[in-house]
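Numbered as in our numbering, the sequence shown ends at 871 without a single skipped number.
Check the hints yourself; a few may be wrong.
What the hints assert, rightly or not - Quick list of simulated restraints, FRET-style, between CB atoms:
| hint | residue 1 | residue 2 | range |
| --- | --- | --- | --- |
| 1 | Y816 | R842 | 27 to 37 angstroms |
| 2 | M804 | E864 | 27 to 37 angstroms |
| 3 | K854 | A815 | 16 to 26 angstroms |
| 4 | K859 | H830 | 11 to 21 angstroms |
| 5 | K817 | K854 | 11 to 21 angstroms |
| 6 | T811 | I841 | 14 to 24 angstroms |
| 7 | E846 | A815 | 10 to 20 angstroms |
What the hints assert, rightly or not - Within a straight-line C-alpha distance of at most 25 angstroms, the following computed SDA-like cross-link-like pairs (lysine to any residue) qualify:
| hint | residue 1 | residue 2 |
| --- | --- | --- |
| 8 | K854 | A839 |
| 9 | K829 | M804 |
| 10 | K829 | I819 |
| 11 | K859 | M832 |
| 12 | K854 | S836 |
| 13 | K817 | H830 |
| 14 | K805 | T861 |
No wet-lab data here; the hints were simulated from the structure.
What you are looking at is a predicted structure, and each value in this text was computed from that prediction instead of being measured.
By construction, the Cβ of each residue, glycine as well, lies at the ideal position given by its N, Cα and C atoms.
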Amino acid sequence: MKPIKEITGYLAYKPIIGKRLVICTKHHMIWTSPVAAIRNSTETGIEIETKNTVYKLTFLERLMLEAV
Numbered sequence: 804m805k806p807i808k809e810i811t812g813y814l815a816y817k818p819i820i821g822k823r824l825v826i827c828t829k830h831h832m833i834w835t836s837p838v839a840a841i842r843n844s845t846e847t848g849i850e851i852e853t854k855n856t857v858y859k860l861t862f863l864e865r866l867m868l869e870a871v
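Please take these sequences and the hints and turn them into a complete structure.
This is how it looks when you write it as structure tokens:
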């Protein structure tokens, strides 16, 4: 079973199967292994399975980012 990481942040670009993904958080940028599946996507978040990990990403609101 793959580890599950729950993160608050945003995607640097649209996820593409077979390509690495960049997740931006308040303090870090995370480069993932290649995307294997996009499991669920809503207005408030997305669940992405990569080769090594499942990421449950809750989107940061843009207003929060501008205030920082």
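Hint check:
1. Y816 with R842: 27 to 37 angstroms: Since the Cβ atoms of Y816 and R842 sit about 18 angstroms apart, the hinted range of 27 to 37 angstroms is violated.
2. M804 with E864: 27 to 37 angstroms: 32 angstroms, holds
3. K854 with A815: 16 to 26 angstroms: 18 angstroms, holds
4. K859 with H830: 11 to 21 angstroms: Given a distance of about 18 angstroms, which is inside 11 to 21 angstroms, the answer is holds.
5. K817 with K854: 11 to 21 angstroms: 18 angstroms, holds
6. T811 with I841: 14 to 24 angstroms: With Cβ atoms ~18 angstroms apart, the hint holds.
7. E846 with A815: 10 to 20 angstroms: 18 angstroms, holds
8. K854 with A839: At roughly 6 angstroms apart (the allowed maximum being 25 angstroms), A839 and K854 satisfy the hint.
9. K829 with M804: 28 angstroms, violated
10. K829 with I819: 23 angstroms, holds
11. K859 with M832: Holds, at about 15 angstroms.
12. K854 with S836: Cα-Cα ~6 angstroms, so holds.
13. K817 with H830: 20 angstroms, holds
14. K805 with T861: Cα-Cα ~19 angstroms, so holds.
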